[in-house]
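Protein sequences appear in the order of chains A and B. Following our numbering, the numbering of the first sequence begins with 107 at its first residue and continues without gaps. Following our numbering, the numbering of the second sequence begins with 107 at its first residue and continues without gaps.
No lab work stands behind these hints: they were computed from the structure. Since this is a predicted model, take the numbers as computed values, not measurements. Virtual Cβ for every residue (Gly too), placed ideally from N, Cα, C. Misleading hints may appear alongside valid ones.
Straight-line Cα separation of at most 30 Å, DSSO-like style, residue types lysine-lysine; simulated pairs [to be verified]: (1) A:Lys238 <-> A:Lys267; (2) A:Lys238 <-> A:Lys177; (3) B:Lys505 <-> A:Lys129; (4) A:Lys284 <-> B:Lys284; (5) A:Lys129 <-> A:Lys118; (6) B:Lys238 <-> A:Lys284; (7) A:Lys129 <-> B:Lys507; (8) B:Lys507 <-> A:Lys505; (9) B:Lys177 <-> B:Lys129; (10) A:Lys238 <-> B:Lys284.
Far from chain A, some chain B residues (derived; all Cβ distances over 12 Å) [what the hints assert, rightly or not]: (11) Arg174; (12) Gln199; (13) Asp223; (14) Leu503.
Number of protein chains: 2
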Amino acid sequence: ESNALNALDKSKIARTSPYTVGKFLTRLPVDDRRVVLRLLNIEGVAEVLSEMDSEDAAEVIEAMRQARAVKVLEALDPDDSADIVGDMEEANQHRLLNDVNPERAETVRTLISYPEDSAGGIMTTDVATVPKEFTVRQTVDHLHTLHDEFEHIYYVYVIDKNGHLLGTVSMRDLVMAKTNDIIGDIMHTELRGVLNVLTDQEDVTLVMAQHNFHALPVVDDDNRLLGMITDDDVIDIIQQEATEDFQKAMGAGGDESLNDPIAESVRRRSPWLLVNLLSAFMAGGVISLFEEQISHLTILAVCMPIVASLGGNAGGQTLAIVIRTLALGDFEDQDARRVLIREATKACLSGIIVGLIAALAVGILGHHWDVSAVIFVAMIISMSYAGLAGALIPITLRKLKLDPAQSSQMFLTASTDIVGFAVFLGLGSWVLL
Amino acid sequence: ESNALNALDKSKIARTSPYTVGKFLTRLPVDDRRVVLRLLNIEGVAEVLSEMDSEDAAEVIEAMRQARAVKVLEALDPDDSADIVGDMEEANQHRLLNDVNPERAETVRTLISYPEDSAGGIMTTDVATVPKEFTVRQTVDHLHTLHDEFEHIYYVYVIDKNGHLLGTVSMRDLVMAKTNDIIGDIMHTELRGVLNVLTDQEDVTLVMAQHNFHALPVVDDDNRLLGMITDDDVIDIIQQEATEDFQKAMGAGGDESLNDPIAESVRRRSPWLLVNLLSAFMAGGVISLFEEQISHLTILAVCMPIVASLGGNAGGQTLAIVIRTLALGDFEDQDARRVLIREATKACLSGIIVGLIAALAVGILGHHWDVSAVIFVAMIISMSYAGLAGALIPITLRKLKLDPAQSSQMFLTASTDIVGFAVFLGLGSWVLL
Chain A
107 ESNALNALDK
117 SKIARTSPYT
127 VGKFLTRLPV
137 DDRRVVLRLL
147 NIEGVAEVLS
157 EMDSEDAAEV
167 IEAMRQARAV
177 KVLEALDPDD
187 SADIVGDMEE
197 ANQHRLLNDV
207 NPERAETVRT
217 LISYPEDSAG
227 GIMTTDVATV
237 PKEFTVRQTV
247 DHLHTLHDEF
257 EHIYYVYVID
267 KNGHLLGTVS
277 MRDLVMAKTN
287 DIIGDIMHTE
297 LRGVLNVLTD
307 QEDVTLVMAQ
317 HNFHALPVVD
327 DDNRLLGMIT
337 DDDVIDIIQQ
347 EATEDFQKAM
357 GAGGDESLND
367 PIAESVRRRS
377 PWLLVNLLSA
387 FMAGGVISLF
397 EEQISHLTIL
407 AVCMPIVASL
417 GGNAGGQTLA
427 IVIRTLALGD
437 FEDQDARRVL
447 IREATKACLS
457 GIIVGLIAAL
467 AVGILGHHWD
477 VSAVIFVAMI
487 ISMSYAGLAG
497 ALIPITLRKL
507 KLDPAQSSQM
517 FLTASTDIVG
527 FAVFLGLGSW
537 VLL
Chain B
107 ESNALNALDK
117 SKIARTSPYT
127 VGKFLTRLPV
137 DDRRVVLRLL
147 NIEGVAEVLS
157 EMDSEDAAEV
167 IEAMRQARAV
177 KVLEALDPDD
187 SADIVGDMEE
197 ANQHRLLNDV
207 NPERAETVRT
217 LISYPEDSAG
227 GIMTTDVATV
237 PKEFTVRQTV
247 DHLHTLHDEF
257 EHIYYVYVID
267 KNGHLLGTVS
277 MRDLVMAKTN
287 DIIGDIMHTE
297 LRGVLNVLTD
307 QEDVTLVMAQ
317 HNFHALPVVD
327 DDNRLLGMIT
337 DDDVIDIIQQ
347 EATEDFQKAM
357 GAGGDESLND
367 PIAESVRRRS
377 PWLLVNLLSA
387 FMAGGVISLF
397 EEQISHLTIL
407 AVCMPIVASL
417 GGNAGGQTLA
427 IVIRTLALGD
437 FEDQDARRVL
447 IREATKACLS
457 GIIVGLIAAL
467 AVGILGHHWD
477 VSAVIFVAMI
487 ISMSYAGLAG
497 ALIPITLRKL
507 KLDPAQSSQM
517 FLTASTDIVG
527 FAVFLGLGSW
537 VLL
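Model the full assembly from the supplied sequences, consistent with the hints where possible.
Printed below as a string of structure tokens:
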């Protein structure tokens, strides 16, 4: 691999988008990463790091000489540098920030003090601000003094002497205004979508999706402007949250990736498999209550997984929809009762259809029409339960202020297995023996 | 409910955000929707409809008098009106478009001719364009002539006489430039992230996430500018794609919502449950091969679902990560072999840990140390298989140009059930009897 890397040259790397270089780096061992990064100048390194996972980027910076690391950190956007520093060992954080220019170091220290998944943890502090007394011309002159990181800025925020947010002016407003217009006269003061610094990132994405703004201002409890969140940050967060929901629901790590070290993945997944083992033993315990009956009538053992499997999958259909509805903020607490009833009804109707076909198949294939009748009834009951459970589990987890997605698929199949076995074997023993 | 609606007044509705009114409307019967919408003026109705699902919005418009429907359609953004018209009955489309002003009707007809999930199906045609000979002042004057829908526009696109895209100028560039500067001199011509009109919407989201632009231009095969896609559209699509992936993986409809009519949900979910029924019968078939052995040794029936359940869940952990990796565009075809081996290894190691604990528990609880040994080995085999299958199923579906998410959780548990039962019962019959 290193040989191939030696063939790389500066011009090739420079022509590749920082995003692609970042993706490529993530998959290299630490030593090879250094070989690649040596081909880039400070700004180039900063661009690449800003496209990488902050954990990976932190590793890269920790492996650099202090002087270069400091320069790279200063070349990054404040929010990116804070994300990266936040993922370093505490000792390395202090060592590095001592050499970074004091203003930036202070900003980074403030930013990493906010929870990583709050508005404060995501926002950038590179915000263009002006007093409301400025003219459009003064504002434009001020924008000229700001450095390149402000390139993608769309709004100028209007603040008073104490930093309180008074209004916003968009670049378009500046284009459309006359140069002598006063900012206070043209600014928008009906501010929608202002975020508190401690707002959870999932709520940030919902607010951003609701208002079609390119950036939202972030303020403290006293309405003092602290930073802003742009919609390209939000796009990354939405992807990340969607990944988390799906992976956690299935019992994997929320931010686990295919390239994580094998030992790390096993360590993260095993606890949930052990929980699953416990629940599987409970299901086994239910079956063991009917060992006597099974030895007399082995078709019970043949059919019981059919009932359990359909229950698990019918519940999973509901589960997925409920988790996404919760994630999109489209669920109100007062809906709970209605949703539970409707989902149980849907699963019950599916149970009638599927149960009927299952019963016919067992009757025709096995000539056990009595078993058919038991399957039919057991399937309706266990699938109705599954629909109820598929809605109840995430709703309850949320009510308990837990993550509604966390391993909910495992909890679901645990309970549908237990109910499926109990209903089918109980009914079967009673009717057939 | 209608009584409560009558108490609503115009001022209350006007103070509520269009997004919230839209959410509220979605949950009302069609007649009540009309009561609410009658309180709004044409622009208000248009704003609310643009926040609703296009299907729901189409229903609302189809229930309006023709004259009002036409006015509302003309007040909507072209992309929104096309989405809504696209969801109407064909007869209603023609009837409505005949009365809409010809230019808009033409735009809508063009837009609905693109596939709904392509760049053409998402883009807006409200694009500000100028020739490269314009000065900044002429450009600003031109922007003044454009109507309000252009409010959120961030880029002006520079085109030649035949509509070919030459470059872009951001609002910020206009602010920073002098009024006599020539657009051709200040425009950016290194255009990254230009989308072909037929690009799939999932790829659109990846391109948008990669380049931090607020809007991407959409062109035809000859590089003629057709429209643009803004990042607030992309945010909605990303949410929609994430919902689709998760819900489809679990065998529900990709765009199914909790409020869909019960019969509709049952109709969409049942086919997958019937596929599941077939696979469950195959698993039952495997068990029926061992009926004799089960009648002699019922502990086999007790333990077999434990092995199957752990397999299903271990495979699900891998499945979720692979589906998300595919969705985020982070998977290269040449990775397949490596991913399969690694995921099988992870699941195998989990199998050793969980299998050991399961074996100990069965030994201690049931004093069946021979069954313990069988469980231990069966669990390692079936979980290794599950890890492999969890990666192989979505990767294969994608290779076949099918949706890698579609019902993959069902295919997975079907196969892990069959393998789990076969391995455990086969091994158990051989060792224990």
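Next item on the list: Below or equal to 30 Å on CA atoms is what counts here, so check A:Lys129 against A:Lys118.
Entry: 16 Å, holds
Notebook entry, point to check: Are the Cα positions of B:Lys238 and A:Lys284 separated by 30 Å at most?
Noted result: At roughly 23 Å apart (the allowed maximum being 30 Å), A:Lys284 and B:Lys238 satisfy the hint.
Next item on the list: Measure nothing beyond the straight line between the CA atoms of A:Lys284 and B:Lys284; if it is 30 Å or shorter, mark the hint as holding.
Entry: Distance of about 13 Å is within 30 Å: holds.
Margin query: Checking a non-interface call: every C-beta of chain A should be farther than 12 Å from the C-beta of B:Arg174. Is that right?
Written below: Correct as stated: the minimum Cβ-Cβ distance to chain A is 25 Å, above 12 Å.
Next item on the list: Determine whether the non-interface label on B:Asp223 survives the test: each CB of chain A must be over 12 Å from its CB.
Entry: 17 Å, holds
Check: Are all C-beta atoms of chain A more than 12 Å from that of B:Gln199?
Finding: 27 Å, holds
Notebook entry, point to check: Is the straight-line distance between the alpha-carbon of A:Lys238 and that of A:Lys267 30 Å or less?
Noted result: It holds: about 10 Å lies between the C-alpha atoms, which stays within 30 Å.
Margin query: Need the status of pair A:Lys238, A:Lys177: alpha-carbon distance at most 30 Å?
Written below: The given pair, whose Cα atoms are some 35 Å apart, is violated under the 30 Å limit.
Margin query: Holds or violated: B:Lys505 and A:Lys129, Cα atoms, limit 30 Å.
Written below: 22 Å, holds
Note to self: Can you confirm whether the C-alpha distance between B:Lys177 and B:Lys129 stays at or below 30 Å?
What the structure shows: At roughly 22 Å apart (the allowed maximum being 30 Å), B:Lys129 and B:Lys177 satisfy the hint.
Note to self: Over 12 Å from every CB of chain A: does B:Leu503 meet that, or does the non-interface label fail?
What the structure shows: 16 Å, holds
Note to self: Check the hint pairing A:Lys129 with B:Lys507 against an upper bound of 30 Å on the C-alpha distance.
What the structure shows: Roughly 25 Å between the alpha carbons, so the hint for A:Lys129 and B:Lys507 holds.
In summary, the numbered hints that this structure violates are 2, 8.
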